[in-house]
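Participant: Produce the complete structure using the sequences and hints provided.
So the chains spell out like this:
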Amino acid sequence: MSEPRLETQALSRNFGALKAVQNIDFKLEAGARHALIGPNGAGKTTFVNLLTGVLPPSQGRVLLAGRDITGKGQAERVKLGVARTFQINRLFRGLSVLENISIAVAERKGTAWSMLYPVGRRADVIAESIGLLETLKLADIAGHRVSELPYGRQRLVELAITLALKPEVLLLDEPAAGVPSAESHIILDAIEALPKDIAVLIIEHDMDVVFRFAKHVTVMVSGAVFASGTPRDIEANPQVRAVYLGQAGKGSGRG
Amino acid sequence: MSAAAPTATEHPGARSLITRHRLRWWETLPWIIALGFYVAFPNYLGFGAELLAMILFALSLDLALGYAGIITLGHAAFFGAGAYTVGMLAFYEIWTEPIISLLLAALVAAIIGFLSGLVLLRTRGLTLLMLTLCTMALLQEAANMARAYTGGFDGLPDLAIAPVFGVFEFNPLYANTQYLYSLGVLLVCFIFVRTLIYSPFGQSLTGIRENLLRMHAIGSPVRLRLVICYTISAALAGIAGGLWAQTNAYVNLSALDLDRAATVFIVLILGGYGRLYGAFVGAVAYMALEHFLAKIYPTAWQLGLGLLLVMIALFARNGILGIGEALWERYGARRKAT
Amino acid sequence: MDFIANFAGILLGGLSAGTVLFIVSVGLSVTMGLMGFVNLAHGAFAMFGGYVIVLSMNRAHFGFAAALALGFVATAAISVVLERTLYRRLYRASELDQVLFTIGLIFIFIAGAVIVVGPESQTLQLPTALRGQINLGFLQYRTYSIFLIVVGFLSGLGISLAFERTRIGAQIRATVDNRRMAESLGINVDRLFTITFAFGSGMAGIGGGLGAEFLGLDPQYALKYLVYFLIAVSVGGLGSVMGVYYASLILGVLDFVLKLYLPKGGTIFIYALTILLLLWRPQGLFGKKET
Chain A
370 MSEPRLETQA LSRNFGALKA VQNIDFKLEA GARHALIGPN GAGKTTFVNL
420 LTGVLPPSQG RVLLAGRDIT GKGQAERVKL GVARTFQINR LFRGLSVLEN
470 ISIAVAERKG TAWSMLYPVG RRADVIAESI GLLETLKLAD IAGHRVSELP
520 YGRQRLVELA ITLALKPEVL LLDEPAAGVP SAESHIILDA IEALPKDIAV
570 LIIEHDMDVV FRFAKHVTVM VSGAVFASGT PRDIEANPQV RAVYLGQAGK
620 GSGRG
Chain B
7 MSAAAPTATE HPGARSLITR HRLRWWETLP WIIALGFYVA FPNYLGFGAE
57 LLAMILFALS LDLALGYAGI ITLGHAAFFG AGAYTVGMLA FYEIWTEPII
107 SLLLAALVAA IIGFLSGLVL LRTRGLTLLM LTLCTMALLQ EAANMARAYT
157 GGFDGLPDLA IAPVFGVFEF NPLYANTQYL YSLGVLLVCF IFVRTLIYSP
207 FGQSLTGIRE NLLRMHAIGS PVRLRLVICY TISAALAGIA GGLWAQTNAY
257 VNLSALDLDR AATVFIVLIL GGYGRLYGAF VGAVAYMALE HFLAKIYPTA
307 WQLGLGLLLV MIALFARNGI LGIGEALWER YGARRKAT
Chain C
1017 MDFIANFAGI LLGGLSAGTV LFIVSVGLSV TMGLMGFVNL AHGAFAMFGG
1067 YVIVLSMNRA HFGFAAALAL GFVATAAISV VLERTLYRRL YRASELDQVL
1117 FTIGLIFIFI AGAVIVVGPE SQTLQLPTAL RGQINLGFLQ YRTYSIFLIV
1167 VGFLSGLGIS LAFERTRIGA QIRATVDNRR MAESLGINVD RLFTITFAFG
1217 SGMAGIGGGL GAEFLGLDPQ YALKYLVYFL IAVSVGGLGS VMGVYYASLI
1267 LGVLDFVLKL YLPKGGTIFI YALTILLLLW RPQGLFGKKE T
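Residue numbers (the numbering used here), protein chains in the order written: chain A, 370 to 624; chain B, 7 to 344; chain C, 1017 to 1307.
Each statement offered as a hint is correct.
Not the full set, but computed from the structure, chain B residues with beta-carbon under 10 Å of chain C:
#, residue
1, Leu-71
2, Leu-79
3, Leu-264
4, Phe-271
5, Ile-272
6, Ile-275
7, Pro-304
8, Leu-309
9, Arg-323
Here are the computed lysine-lysine pairs in the DSSO-like style, where the Cα-Cα straight-line distance is at most 30 Å:
#, chain 1, residue 1, chain 2, residue 2
10, C, Lys-1304, C, Lys-1240
11, C, Lys-1304, A, Lys-388
12, C, Lys-1240, B, Lys-301
13, A, Lys-584, A, Lys-565
14, A, Lys-441, C, Lys-1304
15, A, Lys-535, A, Lys-448
16, A, Lys-535, A, Lys-584
17, A, Lys-506, A, Lys-535
18, A, Lys-535, A, Lys-565
Here are the in silico distance ranges between beta carbons for each label pair:
#, chain 1, residue 1, chain 2, residue 2, range
19, A, Asp-493, B, Pro-18, 13 to 21 Å
20, B, Arg-128, C, Gln-1141, 44 to 52 Å
21, B, Gly-131, A, Pro-519, 29 to 37 Å
None of these hints come from the bench; they were simulated from the model. Built from N, CA and C at the ideal position, the CB exists for glycine as well.
Facilitator: In structure tokens form, the structure reads like this:
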């Protein structure tokens, strides 16, 4: 079995007396399509913050392709290939879609320190940015300001800016959150079209999305791993149904 | 492979990004007007030289505040550092050649900017603002304490400035040389700032200003960028201070005080920050108004200024240029509709 | 014996100055901690209150206590008016806009003071009970200074207790800690802020009056001491009454000592120490650490 792309060992995080994340052993393989589900307050976002280096752990380790990255900060982990999207968009709203992407590309390529040549002349950065936008079907609005776009498209830009970093591990925090159902297909299509070798972890509440994409599901409750398995296993698990599925997602219509 | 690249960059959406840095025809206007001023108002060239130094000072602040989003009320620290460098070099006749003096002024200001930036830019918001005030107050106190060298409150008068390029003399009565010299320095510095703004570095500063958290999330070394930006801004402010000292042949503690820092802040806001030419528009508007009103009705001037700032904060946060942009967009939209 | 008296004299002088600083700055600390609004015009409110107090005593022959009460009420009232009409519109605005707005307010207040009262410095006539010296056993010291220290201590104690024991205090603490959570618990944050802002400004007004004696009272007051108010608040920690109390006292004593022994620029150490302290602890001595 090849080494997992991303792994945690006994990862924990406390806030005073609150055990937000408890002793999590987690593996994410290359090419994985892994969903992380659980009720609100289960610690999912905290877990992702631990993975990306936004929060330091109280205990435990985070490993990237076997290398211990526990001590590394967010910026370093990004350079090593761990990137995430946020539940609420973090975009440069006053700038155009193309500018948003090109800032990320320039950062990745290291050209962001260049002070002498204008952005417009860096054909490599612009070409790569346009190319990325084309794969996500955003190229037609490349010149539009982000704040003028419908929310679904903005969410797609959030995904695009993260893909511009060419990550090996991609963490998506509720990618379809807040997107009107009429537009949600553009997000879902984009996630489906992600390069096969990227390891993807999606935090989701929508069980339809989970069933569509995830080959593996982990259920988190109160900071700990409650259950783990294929979507079928999880759906059939009576304890999971009791704790979570009965409240939301697939069961909500019949609930 | 090379066939694909031109197609991508010819993409319509990329057009504005690619051509943004190109020189527009109206960008030559400020310089034409400046030269026209030289010809038309030979008696006001002293005022003109002060105006040009103020433009440069505001431009330096725009880099830190308008582009990187560093809110500082202490930028006079660097202006004063540059002014005193030039002042002491000239007064003690260590070095009187003006251009190298300006470079030294930039260097001293840059060092102070770098050291204080490293230290201050770990903080944000009110704390950062207060620390910029503290740094400036600290420098002013230091200059006061060292009054044996700095001349204290009275300052260093009658600075000896050697002729520019050895040929053009600074005449205290006819400010011709001062004006053209200042204009030349401003032009060089402006070209530098303009290049910086349109470069990837400048774009990353805009990113930091627009969404700091996103910059962290794309792996940007944010603090280092801010420190470098602050250092460059300090160097330019130092040049402005040196220029001021040279054209006035005088330097004193007013170069370092809160009044000066608040003035340049107001000038930039008035013109419009984050827009290269805000410094120009703001300085002209402010100094013209001040020249005519402040001397006659100082209290009314202060009251009017206060009301103006409150209005700007509530209704016109992007200053004169911002209002101009809004009108242009509305006019443009109406034209498209008809 | 002489040394102790000397030392105590300096300490008391510094503490009384620090107390005034506290009374003025406590409002700024709480409102900044509560709402995150950068109110540089806080000193202008202190100046306004100072003028009300001093002028009502000098020209309208109010008694000391009555003047203080009037100063509190008048400053609180004007702050409520400004808060409801103008400040309110900038709560969601950028820091820059808030700084801009409050600087504009400072200028308006200064110009207003010059137009209405005049540019001269005003002096506070102390009531006879507070003049002269008081015998502390080992030392004779100015009655007024002792009075200030006691008033400051009692205010600090009172405000801290109010924070801990009253319902509104709990609401303020909750909102400072986590605003969204407080709102979702049904706390009317807007009304809370108006009340706190009014109280803080009123306190500042009293501070302006009490301190007029040795800080002076002229139209430049709003700007002259701005840096000190900001230092007291930042060093103490935003939102912490205890923090701004200790920071103000320390600052008062340091400033007094430095002005005494290093009159030519001793205050440079205050700025340097502030910078060093905030580097070491950016949240101030008692502030909340940002996660």
